[in-house]
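Participant: Throw the hints in and build the complete structure from the sequences for me.
Sequence lines, in order, name chains A, B and C. 2 is the number of the first residue of the first sequence in our numbering; add one for each residue after it. 2 is the number of the first residue of the second sequence in our numbering; add one for each residue after it. 2 is the number of the first residue of the third sequence in our numbering; add one for each residue after it.
No lab work stands behind these hints, which were simulated from the structure alone. Just so you know, even glycine gets a beta-carbon here, dropped at the ideal spot from N, CA and C. Please note that a few of the clues may not be correct.
Pairs of lysine-lysine, DSBU-like flavour, derived with a Cα cap of 35 Å [to be verified]: (1) C:LYS31 / A:LYS112; (2) A:LYS31 / B:LYS31; (3) B:LYS112 / A:LYS31; (4) C:LYS31 / B:LYS112.
Here are a few chain B residues that face chain A, going by a calculated C-beta distance under 7 Å [stated by the list, open to error]: (5) THR6; (6) MET54; (7) MET55; (8) LEU56; (9) GLY119; (10) LEU121; (11) PRO122; (12) ALA156; (13) THR157; (14) LEU198; (15) LEU200.
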Amino acid sequence: MTLLTILQWIDLIGVLFNAILGAVIGRAAKLDIIGLGVLAIMSGLGGGMMRDMMLQIGPPIAITDGRYITTALIGAAVVVLIRVEGRWWDRIYPPMDALALGAWAAAGSLKTLEAGFGVLPALMLGTLTAVGGGFVRDMVLRRIPGILGGNTLYATAALLASGVAVGCWYLDAAVIGSLIAAVVGAALVLLARWRRLSLPVG
Amino acid sequence: MTLLTILQWIDLIGVLFNAILGAVIGRAAKLDIIGLGVLAIMSGLGGGMMRDMMLQIGPPIAITDGRYITTALIGAAVVVLIRVEGRWWDRIYPPMDALALGAWAAAGSLKTLEAGFGVLPALMLGTLTAVGGGFVRDMVLRRIPGILGGNTLYATAALLASGVAVGCWYLDAAVIGSLIAAVVGAALVLLARWRRLSLPVG
Amino acid sequence: MTLLTILQWIDLIGVLFNAILGAVIGRAAKLDIIGLGVLAIMSGLGGGMMRDMMLQIGPPIAITDGRYITTALIGAAVVVLIRVEGRWWDRIYPPMDALALGAWAAAGSLKTLEAGFGVLPALMLGTLTAVGGGFVRDMVLRRIPGILGGNTLYATAALLASGVAVGCWYLDAAVIGSLIAAVVGAALVLLARWRRLSLPVG
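Facilitator: So this is what it looks like as structure tokens:
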């Protein structure tokens, strides 16, 4: 229960940070205030919404649980009210973003398994949860989504974190497994960023 | 009941006008006939389909109620058969389009509230209903969606109309509220178009 | 039963060939290995997933039936491991791709009819099943989707195949009708490719 609460908070922190990132990118693209809000919602809630629309076990949690939209809008408001760029942001953003990626991947995998699906769907929807929002955001701004060929191994890290979460779920250790998954996924993202790792071109 | 019927007709008129607009844009982009039909369906039905896919209270009304697809296809046929550009079109299009935006926003908000959700989801899905189709149409044609930074305050007007509809719903005046919402939303779109209003860049 | 099994196999062969095509296009766009996998899944499974998300009669078959993801990933692996271009590929690809288009259109139409919907939704979702994956793939890579104005009459062939499947379903000949639909759709695609047929610009 307590660990589950921790995971929920990591999930919401992920929404906040990705919403901020979406709004920052939106400002760079010279969108207006509503545009920032839309991009914040897409970046912060898009992956989970796509996952829930596929699982068809009820409306997306982003709609049923008011904290999600609220958090995404707070993220947009932060960008409008404060200059979030600069050294402070450059230091705090990467680890929070990486942790959120791992937490989202774990959350998506577990939700899929709990809904009665197998390993492959769990890996696919875990990864979708983690990278889907950024994917849509990039498409909207007419960029080829970074995860298809970027150098931070985002999708790879999401897949790895999903794999850890799925493995731990089968070992009856879902909650602690989620934390491990989040940390493992985050570690790979940070390592890739630091070492400029990338996958071979296909 | 009679007012509800009026709203349904405004909804369908919105489908028709947005389908025509989609097909006109498709022709400007030199698409073939099938392409016009696809863009007409996307523009006219896309927002409502996305809303219904999220609400998960059954298949999209665009599929279950044959009048919707038919109306969208009529819109495409109109563009293929008649030259819709020119002074006549320039006069009739803006008010109908603006009214449809408001009506769609109200319809989306009410459907969300009736499904048991709260204020924030109602505002979000009301806005999505109103602007979602145009959003997808712009993405398909590789433009940054106009609502993210355009000068007609489309998204702002949709949000405002949703707010009016939600407020009236809580006052037990859903149907008359929808009409007010449609008019208020339309007024803001037309005012913004006329006065070239725009939001500050974020 | 046996014919149904044949159709299922054609469906999966369609997944395989479209996944391969997605990965080939991804390699041409210099995506990394994960990017190829994502494009293979989108191309091979996207149309059916969108159809199932709209029908709302349960999670997409691409998730519930493990053979679908597996087949799409095999397609990506084939592209990574083997050079699929060249004369051999140029000969085998067009007919398989065309057959899959027809088979997908038939499968989508029948699933929609079986779910209790009418003719127009069946035509729309049959076409969506057949061309949806390629549509999303093109959007991701920032091309205007080929089906909107290409010269292989993809969407037209999908619509035609859907029409044949729907007609045969009403004549109580769904399974044999699907085969006819697949062949008719395939024939039009190949004819259009060979003769460079195209629709008039709208």
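Participant: So, for every hint listed, does it hold in this structure?
Facilitator: For each hint, the structure was consulted:
no.	hint	result
1	C:LYS31 / A:LYS112	holds (33 Å)
2	A:LYS31 / B:LYS31	holds (29 Å)
3	B:LYS112 / A:LYS31	holds (33 Å)
4	C:LYS31 / B:LYS112	violated (44 Å)
5	THR6	violated (28 Å)
6	MET54	holds (6 Å)
7	MET55	holds (6 Å)
8	LEU56	holds (6 Å)
9	GLY119	holds (6 Å)
10	LEU121	holds (5 Å)
11	PRO122	holds (4 Å)
12	ALA156	holds (4 Å)
13	THR157	holds (6 Å)
14	LEU198	violated (11 Å)
15	LEU200	holds (4 Å)
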